[in-house]
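Undergrad: If you want the building blocks of each chain, they are given just below.
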Amino acid sequence: MGKYTFFITISFIFFAQNAIAHTGHAKEPTSIVVADKQSSIDSMYAAPEEKSDPLGSSDLFSPKDIFMEGEIVSNEPNTKTDMKMEGSHNEHDDSNMPKVVSAKHKTVETSAKGYGVAAGITLFAGLIFVGLTFIRPGER
Amino acid sequence: MANGLTKILEDRLGIHLLEYDIPEHSNSIKYSLGGMTLSSFGVLIISGIILAQFFIPDPERANRSLHYLVDQVYLGWYLRGIHFWAGEVLTVTMTLHAIRVFFTASYKNPREINWLIGIGIMVFMVTLLFTGTVLKWDQEAYEALAHFLWVAEKMGPFGLPLTEAFAQGVPLLNRIYMAHISLLPIIVILMIGLHLFYIKYHKLSQLADATNPAKNIPFTQHMAYLRRAGSGILLLICLLALTIAPPLGEEPVLGLEVTKPPWQFVWIYALENLWVPSLIVAPPIIIGFLLAIPIVDQNKERYWKRRPLAMTVLAGFILIFVALIIWGSVTTMTHSM
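Heads up: the protein sequence lines correspond to chains A and B, in order. Under our numbering, the first sequence is numbered contiguously, ending at residue 142. Under our numbering, the second sequence is numbered contiguously, ending at residue 441.
The hints are simulated quantities; they were obtained by calculation from the structure and are not laboratory data. Among the hints, a few may not be true.
Said to hold, decoys possible - With a straight-line cut-off of 20 angstroms between C-alpha atoms, the simulated EDC-like cross-links for lysine to aspartate or glutamate are:
no.	chain 1	residue 1	chain 2	residue 2
1	B	K304	B	D175
2	A	K101	B	D125
3	A	K106	B	D125
4	B	K364	B	E354
5	B	K111	A	E111
6	A	K108	B	E192
7	A	K101	B	E355
8	A	K106	B	E354
9	B	K212	B	D313
10	B	K304	B	E128
11	A	K106	B	E355
12	B	K134	B	E192
13	A	K108	B	D175
14	A	K101	B	E354
15	A	K106	B	D175
16	B	K364	B	E192
17	B	K111	B	E123
18	A	K108	B	E354
19	A	K106	B	E361
20	A	K115	B	E192
21	B	K258	B	E268
22	B	K319	B	D125
23	B	K307	B	E405
Unchecked claim - Here are some of the chain A residues that sit facing chain B, going by a computed Cβ distance under 8 angstroms:
no.	residue
24	V102
25	A105
26	H107
27	K108
28	V110
29	S113
30	G118
31	A120
32	A121
33	G122
34	I123
35	G128
36	I130
37	T135
38	E141
A virtual CB, placed ideally from N, CA and C, is assigned to each residue, including glycine.
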């Protein structure tokens, strides 16, 4: 008896919940959604189309931002071939090879932005070191 | 009143727990190289957090964002210089620290585990150095990454997580950036914590040639010494950043191999010139050798004059590395992958 009562109760709750969820009306016909045809090379990480990108029109992400000035560069590294390469064992291979100059250490110019402040910070660090060396707080 | 406040703070913060005894010789440069390395690491973290505000980890913009930082942002060149030179100073002090530990045989019983942790920290620091080199995304960075990917490819399924094929569509530079600013620093910080814990647990090693027990000082005195040493390291980093700008090239050209790696990696460039697969076999052999030291060397002797074999190995190791670095710096590339 108890088993049947339990089954009926559960059934009632299930149907009642279904009816309340659909506000007691008959179910509306399900709309058919046709998925956009995807390219086989599309990645799940591919950027959405421009029209759906809320930031698409902002300068921050557009090719006109400060880091994209001039040419638009591709995802791949630069493949320009109209320059000559220097300092390589491949130098003799092809006169049309691109030019690549190895980056070197450079002396900082005093005209660099904030050079005076940087010198001040360095001087301050020096003063701290000299002060600790002479006073030696806590070392003795 | 000031003394009363100090006492209250000491009580509440438990500072008196730092008053434990350590050997007096710890207040010397050679026994403070680890602390100096930690100072450089602190500078790297702080400068790195600020640098991250200006860096765009995207292959199209990474290099330009750095040029913008250096040329246009107020003190940007100084900030990048501090980060770069902190890494250079860290490399030097960390290497000297490892040499000192080997020289004084501080890796021996009961400190074997701490040696292994130290080697682990060293490996992750080198990885941080490598990922930092790649992030600037110039020709040097591109070639470094190309070599790394070649090795990862040769490692088959073990190398797959390190390649672009693992997460298609996500630029590898993004993943390297994530590793550089979060994963690797977190691992290193945890390992440093463990390293410090075992230094405290096993205590700083006594001098190997001491006939009498060493005089002790409270650890707080050593902290004061480390504070001075750390300020000296900061001054050195600031001076270098003020005078010498780190290299930064233009965007890379695909398929070329024309640059040399930073001096910390030049030795492997030289080895690669001799035999290309060195790229794959040399790092694990060296790491394996370093890890095996406390296991193989069971001799209880710690004084360097009575350890001729160990000193010969150390001298040979240093000589080979210095020779490879010099040779790699002057030689031109003769190989291709």
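Undergrad: Next step is simple, just say for each hint if it's right about the structure.
TA: How the hints compare with the structure:
1. K304/B <-> D175/B: Violated, because 46 angstroms separates the two Cα atoms, which is more than 20 angstroms.
2. K101/A <-> D125/B: Given pair K101/A, D125/B is violated - Cα atoms ~61 angstroms apart, limit 20 angstroms.
3. K106/A <-> D125/B: Between K106/A and D125/B the Cα gap is close to 48 angstroms, so the pair fails against 20 angstroms, i.e. violated.
4. K364/B <-> E354/B: holds (15 angstroms)
5. K111/B <-> E111/A: This hinted pair is violated, its Cα atoms lying about 49 angstroms apart.
6. K108/A <-> E192/B: Within the cut-off at roughly 16 angstroms; holds.
7. K101/A <-> E355/B: holds (12 angstroms)
8. K106/A <-> E354/B: holds (12 angstroms)
9. K212/B <-> D313/B: At roughly 15 angstroms apart (the allowed maximum being 20 angstroms), D313/B and K212/B satisfy the hint.
10. K304/B <-> E128/B: At roughly 15 angstroms apart (the allowed maximum being 20 angstroms), E128/B and K304/B satisfy the hint.
11. K106/A <-> E355/B: holds (15 angstroms)
12. K134/B <-> E192/B: holds (18 angstroms)
13. K108/A <-> D175/B: With Cα atoms ~14 angstroms apart, K108/A and D175/B stay inside 20 angstroms; holds.
14. K101/A <-> E354/B: holds (11 angstroms)
15. K106/A <-> D175/B: holds (16 angstroms)
16. K364/B <-> E192/B: holds (17 angstroms)
17. K111/B <-> E123/B: Measuring from Cα to Cα gives roughly 14 angstroms; hence the hint holds.
18. K108/A <-> E354/B: holds (15 angstroms)
19. K106/A <-> E361/B: With a Cα-Cα distance of about 16 angstroms, the restraint between K106/A and E361/B holds, given a limit of 20 angstroms.
20. K115/A <-> E192/B: Distance ~24 angstroms between K115/A and E192/B Cα, so the pair is violated.
21. K258/B <-> E268/B: Roughly 14 angstroms between the alpha carbons, so the hint for K258/B and E268/B holds.
22. K319/B <-> D125/B: holds (9 angstroms)
23. K307/B <-> E405/B: holds (18 angstroms)
24. V102: holds (5 angstroms)
25. A105: holds (4 angstroms)
26. H107: holds (5 angstroms)
27. K108: holds (5 angstroms)
28. V110: With a minimum Cβ separation of about 5 angstroms from chain B (threshold 8 angstroms), the hint on V110/A holds.
29. S113: Since the shortest Cβ distance to chain B is 11 angstroms, the answer is violated.
30. G118: violated (10 angstroms)
31. A120: This hint holds: A120/A lies near chain B, its Cβ roughly 4 angstroms from the closest one there, short of 8 angstroms.
32. A121: Holds, about 6 angstroms.
33. G122: Violated: closest Cβ of chain B sits about 10 angstroms from G122/A, beyond 8 angstroms.
34. I123: Hint on I123/A: holds, closest Cβ of chain B at ~6 angstroms, below 8 angstroms.
35. G128: holds (5 angstroms)
36. I130: holds (5 angstroms)
37. T135: holds (6 angstroms)
38. E141: holds (4 angstroms)
Hint check: violations occur at hints 1, 2, 3, 5, 20, 29, 30, 33; the rest are consistent with the structure.
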